[in-house]
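Trainee: If you read the sequences in order, they're chains A and F.
If you number the first sequence the way our numbering does, the last residue is 398 and the count never jumps.
If you number the second sequence the way our numbering does, the last residue is 509 and the count never jumps.
Just so you know, the hints here were simulated from the structure itself, not pulled from any lab data.
In this text the structure is predicted, and so the values were computed from the model without any measurement.
Within a straight-line C-alpha distance of at most 30 Å, the following computed DSS-like cross-link-like pairs (lysine-lysine) qualify:
{"id": "1", "chain 1": "F", "residue 1": "Lys388", "chain 2": "A", "residue 2": "Lys396"}
{"id": "2", "chain 1": "F", "residue 1": "Lys277", "chain 2": "A", "residue 2": "Lys290"}
{"id": "3", "chain 1": "F", "residue 1": "Lys201", "chain 2": "F", "residue 2": "Lys128"}
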Amino acid sequence: MNSIVEAMAPAAESVSASGFIKKNLREYGMLLSLVVIMAFFEYMTDGTLMQPLNLTNLLLQNSYIVIMALGMLLVIVAGHIDLSVGSVAGFIGGLAAVLMVEYQWHYLPATMACLMAGALIGAVQGYFIAFHRIPAFIVTLGGMLVFRGLALWLLHGQSIGPFPREFQLLSSGFIPDPFGGEGLRVTSLLLGVLVACGFFYMSLKERANKLQYGAAAEPLGFLIGKNVAFAAAIIYLCYLLASYKGMPNVMVIMFALMLFYDFITNRTTIGRRIYALGGNEKAARLSGIKTDRLSFYTFVNMGVLAALAGLVFAARLNTATPKAGVGFELDVIAACFIGGASATGGVGKVMGAVIGAFVMGVMNNGMSILGIGIDWQQVIKGVVLVAAVFVDVYNKNK
Amino acid sequence: MDAILEMKGITKRFPGVVALKDVNLAVRSGEIHAICGENGAGKSTLMKVLSGVYPHGTYEGDVHFEGREQRFDSIRDSEDLGIAIIHQELALVPLMSIAENIFLGNELTRAGVIDAEATHRRTVELLKKVGLSESPEELITNLGVGKQQLVEIAKALAKKCKLLILDDPTASLNENDSQALLDLLLEFKAQGMTMIMISHKLNEISRIADSVTVLRDGATVTTMDCGDAPINEDEIIRHMVGREMADRYPHREPQIGETVFEVRDWTVFHEQHADRKFIKGVNFHVRQGEILGIAGLMGSGRTELAMSLFGRSYGRHISGHVLLRGQEVDVSTVEKAVNHGIAYVTEDRKGYGLVLENEIKHNVSLANLPGVSRLGVINEGREYSVAKDYQRKINIRCPDVFQHVGNLSGGNQQKVVLSKWLFAGPEVLILDEPTRGIDVGAKYEIYCLMAELAREGKCIILISSEMPELLGMVDRLYVMNEGAFVAEMDVAEASQEKIMRAIVKAGKD
Numbered sequence: 001m002n003s004i005v006e007a008m009a010p011a012a013e014s015v016s017a018s019g020f021i022k023k024n025l026r027e028y029g030m031l032l033s034l035v036v037i038m039a040f041f042e043y044m045t046d047g048t049l050m051q052p053l054n055l056t057n058l059l060l061q062n063s064y065i066v067i068m069a070l071g072m073l074l075v076i077v078a079g080h081i082d083l084s085v086g087s088v089a090g091f092i093g094g095l096a097a098v099l100m101v102e103y104q105w106h107y108l109p110a111t112m113a114c115l116m117a118g119a120l121i122g123a124v125q126g127y128f129i130a131f132h133r134i135p136a137f138i139v140t141l142g143g144m145l146v147f148r149g150l151a152l153w154l155l156h157g158q159s160i161g162p163f164p165r166e167f168q169l170l171s172s173g174f175i176p177d178p179f180g181g182e183g184l185r186v187t188s189l190l191l192g193v194l195v196a197c198g199f200f201y202m203s204l205k206e207r208a209n210k211l212q213y214g215a216a217a218e219p220l221g222f223l224i225g226k227n228v229a230f231a232a233a234i235i236y237l238c239y240l241l242a243s244y245k246g247m248p249n250v251m252v253i254m255f256a257l258m259l260f261y262d263f264i265t266n267r268t269t270i271g272r273r274i275y276a277l278g279g280n281e282k283a284a285r286l287s288g289i290k291t292d293r294l295s296f297y298t299f300v301n302m303g304v305l306a307a308l309a310g311l312v313f314a315a316r317l318n319t320a321t322p323k324a325g326v327g328f329e330l331d332v333i334a335a336c337f338i339g340g341a342s343a344t345g346g347v348g349k350v351m352g353a354v355i356g357a358f359v360m361g362v363m364n365n366g367m368s369i370l371g372i373g374i375d376w377q378q379v380i381k382g383v384v385l386v387a388a389v390f391v392d393v394y395n396k397n398k
Numbered sequence: 001m002d003a004i005l006e007m008k009g010i011t012k013r014f015p016g017v018v019a020l021k022d023v024n025l026a027v028r029s030g031e032i033h034a035i036c037g038e039n040g041a042g043k044s045t046l047m048k049v050l051s052g053v054y055p056h057g058t059y060e061g062d063v064h065f066e067g068r069e070q071r072f073d074s075i076r077d078s079e080d081l082g083i084a085i086i087h088q089e090l091a092l093v094p095l096m097s098i099a100e101n102i103f104l105g106n107e108l109t110r111a112g113v114i115d116a117e118a119t120h121r122r123t124v125e126l127l128k129k130v131g132l133s134e135s136p137e138e139l140i141t142n143l144g145v146g147k148q149q150l151v152e153i154a155k156a157l158a159k160k161c162k163l164l165i166l167d168d169p170t171a172s173l174n175e176n177d178s179q180a181l182l183d184l185l186l187e188f189k190a191q192g193m194t195m196i197m198i199s200h201k202l203n204e205i206s207r208i209a210d211s212v213t214v215l216r217d218g219a220t221v222t223t224m225d226c227g228d229a230p231i232n233e234d235e236i237i238r239h240m241v242g243r244e245m246a247d248r249y250p251h252r253e254p255q256i257g258e259t260v261f262e263v264r265d266w267t268v269f270h271e272q273h274a275d276r277k278f279i280k281g282v283n284f285h286v287r288q289g290e291i292l293g294i295a296g297l298m299g300s301g302r303t304e305l306a307m308s309l310f311g312r313s314y315g316r317h318i319s320g321h322v323l324l325r326g327q328e329v330d331v332s333t334v335e336k337a338v339n340h341g342i343a344y345v346t347e348d349r350k351g352y353g354l355v356l357e358n359e360i361k362h363n364v365s366l367a368n369l370p371g372v373s374r375l376g377v378i379n380e381g382r383e384y385s386v387a388k389d390y391q392r393k394i395n396i397r398c399p400d401v402f403q404h405v406g407n408l409s410g411g412n413q414q415k416v417v418l419s420k421w422l423f424a425g426p427e428v429l430i431l432d433e434p435t436r437g438i439d440v441g442a443k444y445e446i447y448c449l450m451a452e453l454a455r456e457g458k459c460i461i462l463i464s465s466e467m468p469e470l471l472g473m474v475d476r477l478y479v480m481n482e483g484a485f486v487a488e489m490d491v492a493e494a495s496q497e498k499i500m501r502a503i504v505k506a507g508k509d
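Using the sequences and the accompanying hints, generate a full structural model.
Mentor: This is how it looks when you write it as structure tokens:
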């Protein structure tokens, strides 16, 4: 992107479609890779991957990774890292079990208490990182041990379950279908169509805005083509889900959070300031940005999302185990880097992290269906992580 | 004398641009050859071709060194032949010692083990050659920039170099260190070394260069020999910019009003050594429409004074009073300072001024995000038009404001920093070395901008190491030395000698 070519290109009101695609290949490259990977496994598994049941499972399996990746992206963009998220998720799952099963709390206050506990954990870690300048790697490495240990202590080394039925719905429930179709869940399909149209409308509006203030906008033909393909994909996926049990509740939560964080990072002053903080902290501070406080809040936010992921995971298993969340931090961090975030901070996109999470998820799922052993699965995932970042860095330097 | 180096018909293309067009350069053995040109004229690219950063085959034309055609594949190849380059940004490892740095990548070994004794002995010799009396075990981080530059030169000498290339060697040095460095270069010349010096400072070029090659827009404009007649600075400038520059500083008719900004008894302690008083009870004021200069050597505390005033961004145990139109104001955080209409344009635009991997428009709006947003949501249209406005108004040369600032030249980057602070709407603008490392044309534009802002009634504080710049631009100036103001003078009665005398006299007390 940073090539001299771009620097010298004349600013046209509307560039040609082919030129535009070339320019944005990097942005859409990740999405394309996801599509290719999905097509590959769809073919290799003789269509099992995209079967409604499997697709639903795939979403459920990856929801907690995606939820944490949203927070992790902010942390990484701000120039930090959080290794403790897996342990925190496990600890919060245990806390939820103790509150709801042992102490018989109602699920609503228990959920609130768990989210608050997540915020508190994030605040404690963020306090040392932001205000005392202890490297995040060290603080959260400590946190990883502390909360794993606390999870063991809380659960006395045993599994606790089952959860109340209402709480289980968080992960195993599906959105209600008042139209009552037995074969096809019409509500889920309609929701998909609605979202697709919403996206279409938003991108048209954005283009109109850009043209209005005189910036170069993407060519209309390209925009329409892109959105039609995008809308078709969304509607198709929703159709598949609708032909099973409809949309899982957790997917709605995940989707809402995704949109929320995409908005925060792209359109708000907070998002802008986080990018500036990660890009050049000194310059950000001398521009009047309270960089310490901002770092602190990214960790509070991470804590809440890790707690939410812990709840989703516990609800899905319907039991809290001391081993819950082991290794999650690696998947979450990998998702961000596959999605194009820079390890030095300042660069990264929410949608990239989400796509990165699904790249990992689809590979996990596809390889399991194919019966590839856990040994080779890890090898392949590791190779894909390094290869994805290599391609990214290589393109940037070219 | 024979040419030790000849570069013939060098053409270097990047995708979409020709950076060098048929450039010729001939350097005679034993001379100091200066290369000047505006930023982006192709000086650095040419040196990268010469030193092998761009390997043979990626450019057209021939490089002849010591009579033979050379095809360098890497820096290593050129170093082996005795070509050493010292970059503008120093490449020393701060937490390693002088000796370790000098022999880095080139360690003196015996049977594969570092020979500490020989290293020490050689380092002492080399340091003596460059006039440093520091211990070879001293860490780089404890040296000032001037001494670090000398260590870089010692490092080049250690490689037994025949051709030494210096890229703007005095850019970050004060007057004294610059003079000492230039003297050292003349001494090397007497010993028969050949040097190429890239510089923006014409007085230095006319002092030590034997010939000057001027580049403009990637092409050689002229090579002047200084053997016969002394170099005419105005002639060099004319060749560099391709037009006659009647005046290096814009004409001003200052209209000075009431005192707007006043600082009383400002005292700051050193950031690392908390018991060391760094700024010692400074008092000063600026009036409306006035350009106030702060002169002084590097390390005299000018930057630290400015940064401590700007939201206590430097130092500890800060005490003193800041008054705005007679009212005491709280400037204890950057945010408060900005809200009171104070802006500080840093001397280190890459380190402290810009987020290089962000777009121009994002950098412009950074200090005043509320100005382009509502309820925390950024209005992208407004942000774009603000940046576009400044691009036009102060002539930032770029295709569009979506570009990353990292791709701009130094002068244009500086204009982006200035835009950022102008958009914050300041009344008092502190400019710290605003023209460092940028070319003559861009300098003039920045001077014009300063004059314009003063005419609008803003207060401008100009911190500069270049005395001609201070004398050309300011209405009144203070001289700073060792953390205190040692003299105040109106520009009418000021001169370079007077300023220097004030510094030296204060040093003796």
